[in-house]
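Please construct the entire structure, taking both the sequences and the accompanying hints into account.
The listed protein sequences correspond, in order, to chains R and E. When you read off a place in the first sequence, starting at 1, and then add 48, the result is the number in our numbering. When you read off a place in the second sequence, starting at 1, and then add 1428, the result is the number in our numbering.
Simulated from the structure, these hints should not be mistaken for laboratory data. Quick reminder that beta carbons are idealized off the backbone N, C-alpha and C, glycines included. Check the hints yourself; a few may be wrong.
Taking beta-carbon pairs under 8 angstroms as the criterion, some of the chain E residues facing chain R (in silico) [claimed, not checked]:
| no. | residue |
| --- | --- |
| 1 | PHE1444 |
| 2 | ASP1445 |
| 3 | ILE1452 |
| 4 | GLU1468 |
| 5 | PRO1472 |
| 6 | ALA1475 |
| 7 | ALA1477 |
| 8 | ARG1479 |
| 9 | VAL1487 |
| 10 | PHE1492 |
| 11 | ALA1493 |
| 12 | ALA1504 |
| 13 | ALA1507 |
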Amino acid sequence: MRHNDPAIRVGLSHSNPSLGAISQVSAEQNRSEDDLPFPSILDRARDLDKHALGLLYERYLAVVYRFVYLRVGDTHVAEDLTSDVFFSVVAHIQQLHAADELPFAAWILRIARNVVLTHYRTKRAQPPTEPVSHLALATSAEAGDPLDIITAREDWSAVVAALNALTEDQRNVVLYRCLLGYSAAEVGRLLEKRPGAIRALQFRALTSLARLLDQPTLPGGSIEEQAPALVTGKRRGHGG
Amino acid sequence: MEADNSAHEDDNAQNFDALLDAQIKGQVQGVRDSTVESNEEFTPALAVAERIAAGRGIVPSPDFAQTLKARFLELAETAQSDQNAVAPAAPPPATPDRPARRAGYIQSSLRSRRIQVAALAATLLIAMGTGLLIAAMSAPPASPFYAVRRLEQSIRVQIATNESDAARLHMAYADQALVSLTDAAQKQDLERYRAALATLVDEDSAAATAVSTMPPGDQRTQLEATVAQLRAREGTGLRTALPALSWHDRISTTSALAGIGADTLSITGAEISKAAKGKAGQHLWQVTVKGHSFQPGAVLLVNESPRGVVVSVTDDLLIAQVEDGPIQGNASIGVGNADNTAASTHQIVRHDTSDGSQATPTATPTPGNGGNPHGGTPTPARGQGGGKP
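Encoded structure:
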């Protein structure tokens, strides 16, 4: 395993560890920093209350950014798309019927998924530009060994390309489960599937990913070339 | 046999999930040991899961997080003021007394007008269908439904209960246009950029007009400050967009910057005269452009493209030489600054041209007049009956 600590290797920081693994903070999930129950925060956010929206933003920025980043593999694009997600939250939160945190998470992550899909659809309609495979991750703290930095970038690039070769369902299960830290039962609720189906999907997806990442070159090469699979959600002939 | 395989797969998936759970909860060593003991085929998949889980260290940069938060909350605030502005007004007194009769008459006229506008909105709703109208309400600039969205915004302004609400609405729409414009510039979507810029110019101007018609007082002072803040954001957004634009769009954008009161490049006129002959026997034409805020490194623009060689630049004068033939009568002459602002004019005086005439072609406004550069349809300012604000 080449990855030990991406925060050091790639220059990313752990500035908000509470957002690291949601399932691990389940005890605090229903309490905000102001000790407001989550449903009350949602109610106030629906009235476009700035304080409540600020709390939701603080809680979900890293979650959304991480999810988007692992789908596009580029810092600037991830920032643009994360912005789109939060603007969409303002535009549509009044129509949100969620009463608690998990349905809210399902909603905001659904927006993030749609924003990413729209991005790839638009990108596919445009002439090809610079390939993304070699573009950088955030490198704000690039004081470390340059070789480590390059290795870390290539690592993430490979992971993103491999993820893009999975089906839409597999990709979502892997990201919700491994990246965002939700339990199989929670992922089931987020994606409206049975926990048994989630377990089967994650096993097949991670086995496929292991096989893909073990290959010297991924099918299709760059992340951009993997994008059609991401858009259509079609399987590309490996597991699942 | 198939059932056996399926049951085996289910068992595997369940065992794997238990190990993955333990790994996610940080019991890595336990997982490794049990993996080795129970089923080595899980090892690569668990390793991949750990590799993806390392992505939890990915966080957005603090600068981005802070900027986005400010924009996110600002958007929420404008959306809220937008809503408040269209909230129904308090009902008038049931029986107005005699001295208030005239005021009552005005209120009644306004109510009648609001009823007309509400009827128009209802007709629109019926004609288009609710679904279509909801889709149009979030249509981005330059999209097919954007005109409907602008119409809907115009109706909202019309039914606003007072000037301050109308001003807030105009500011909210300008803010939304600014967000679209910034995004369009980043994505080099020039069509959307132009539509958003036209809306921004119209709404900014309408907001300023609405505030200027309010009676002096705390509310007006407060709204003037809000307009100033909006313009500061607009200035930043427009200047940030400039490098991604064509010269044509830089000229429009510089014009918009001047319209919001920014101190920026402008041109008052240009002169063309025949200079000496060039090395190859060609005529050299000297172009003198007058204006202000010309910067070192500025280039001459002819028909919105760089041309010729700049021989001297001061703050208010740029002199360039053009070698390859005279500049046609209907040409535009412009200047592009090093900071990507640009302006042009058709106010050209010709001296000593080939036919010996001196002509001043029909004038086109120099950027700085704050006019609408793209002919977009503004939401009408209140009391102007749907005309340009």
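Tested hints:
1. Residue-level restraint check for PHE1444 (chain E) holds (minimum Cβ-Cβ distance to chain R is 5 angstroms; threshold 8 angstroms).
2. For ASP1445 (chain E), the suggested interface contact is upheld, since its CB lies about 4 angstroms from the closest CB of chain R, less than 8 angstroms.
3. Hint status for ILE1452 (chain E) relative to chain R: holds, with the closest Cβ pair at about 6 angstroms, below 8 angstroms.
4. Restraint check, GLU1468 (chain E) versus chain R: the minimum CB separation of about 12 angstroms is more than 8 angstroms; hint violated.
5. The beta carbon of PRO1472 (chain E) is positioned within 8 angstroms of a beta carbon in chain R (closest approach about 4 angstroms), and the interface hint is therefore held.
6. Proximity of ALA1475 (chain E) to chain R holds as hinted, the smallest CB-CB distance being about 6 angstroms (cut-off 8 angstroms).
7. Restraint check, ALA1477 (chain E) versus chain R: the minimum CB separation of about 5 angstroms is within 8 angstroms; hint holds.
8. Using the Cβ-Cβ criterion of 8 angstroms, the hint placing ARG1479 (chain E) at the interface with chain R is satisfied: the shortest such distance is roughly 5 angstroms.
9. With its C-beta approaching chain R no nearer than about 5 angstroms, VAL1487 (chain E) sits inside the 8 angstroms limit, and its interface hint holds.
10. Restraint check, PHE1492 (chain E) versus chain R: the minimum CB separation of about 5 angstroms is within 8 angstroms; hint holds.
11. With a cut of 8 angstroms, the hint placing ALA1493 (chain E) at the interface with chain R holds, because the nearest CB-to-CB distance is about 6 angstroms.
12. The interface hint given for ALA1504 (chain E) holds, since its Cβ lies 5 angstroms from the closest Cβ of chain R, which is under the 8 angstroms cut-off.
13. Because the beta carbon of ALA1507 (chain E) sits about 6 angstroms from the nearest beta carbon in chain R, less than 8 angstroms, this interface hint is met.
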